[in-house]
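From first to last, the protein sequence lines are chains A and B. Quick note: the first sequence, position 40, residue 40 per the numbering used here, numbers continuous. Quick note: the second sequence, position 26, residue 26 per the numbering used here, numbers continuous.
Cβ-to-Cβ under 7 angstroms is the rule here; a few derived chain B residues that face chain A:
1. 2
2. 3
3. 6
4. 10
5. 18
6. 29
7. 33
8. 36
9. 37
10. 75
11. 76
Keep in mind that the hints were calculated from the coordinates and are not lab data. Just so it is clear, the structure is predicted and the values come from calculations on it, not from any experiment. Just so it is clear, CB atoms sit at the ideal spot from N, CA and C, and this is done for glycine as well.
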Amino acid sequence: MLEAVVSGLVTFFLAPAAIALGRRLGITGVDVHKPWKPVVPKTGGLAIALGAVAGMLTGAYISGIRVFVPIILSCLIAAAIGFIEDLREEINPRLKPLLLVFASLPILAFEAYYPRPLIPFLGRARLYKVYPMLIMASYPIVCNAVNSVDVLNGSALLTSIPFFIMSAAIFYLRGDYHLLLLSLIFLAAAAAMLPYNMYPAKTFIGNSGSLFLGAGMTSIAVVGSIEVAAIIALIPQIMNEMYVLFSIRGIRSAKGVGKRPVVLEDGALTASREPDAPITLLRMICAGIKVDERRAVYAMALISAFAALLGFLTNLLLGG
Amino acid sequence: MSLSRNVLAIIVLMLIIWASLLLVSYVVAITILYTLEFPGDTLISIARVILGLLIAGAWVLGWYKLTRLWLYKILLSRKREI
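Make the full structure from the sequences, and use the hints.
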């Protein structure tokens, strides 16, 4: 448990420094869902990354949990790509998924996976050749999916926390202490950032934070062999990303799309009624009603919690 | 109440996706993944992969169409409430 405590404390106490760094370097973004349009640093993800890495390093070098080493490297690669995007405003949307494939390489190099995923109605499949390719594809998909729900104050964190609770519960029931710790490390880092990222946000977690969390989730799914449960728990994020890709017809920058999925009316969010506006989870939540930003985030969290519960139940049914 | 109704509608949609995902993951496993892992006769292998891709593609497209229907015919069809 020391590892999770370290992760939470380092994240919490580093956050003010990360915020100050963001202001000093001008790594900021406009909070477009508030009428007064505040400029907010988007460096909170650095504190999450450093906090979780501190927790994992504690696990790797004090408790001797060597499997944490490739996970640290994977997550740091994803966070670095995210930080570059935060600095440059945007990375070419076609190049970004290719870059995120690099986050899978430490897991592959250290062979920190078990190529026998649990498939519904089939049991454990033997995928010795295909599984590494699936790992390479999974990092860009999950990282971008987590990134796509980072649209409101606290939304990426509150939709990620149910995943970590689900994986912790699965590993606890399985009696896998190391992977339980890994889930708790990420859970602690995400929870420790909440006071800074919830409405009204003092900092955004930025691409560095969302890609770091996405890489963490993918690593947990792959190393812990809970692939199907993870996909189900991530349905809200994955469907959000898929809808956006379909709506804007391919992999291109959503910033270039003129129509917004939600609009601000009297300080509240409401779904666009334009037929060609991108479909997103938030647009569905706000469809036909005006919703306060905080309530919209709680609704996203509730949907994610339900998905995580489905993932947990599926894993139980599959005998994982 | 309206927000709860929207969330409930999304959860129902998610349940449909979940149930169909379990089926599709099985189909993909026995067609595409099996063939890539244990390639046998070339023609049969190609046919299995194409069948798997068609089913998976149809499922993704169906998912998107269902979501559009959900958004425009169910969620956005109601009169705007405050």
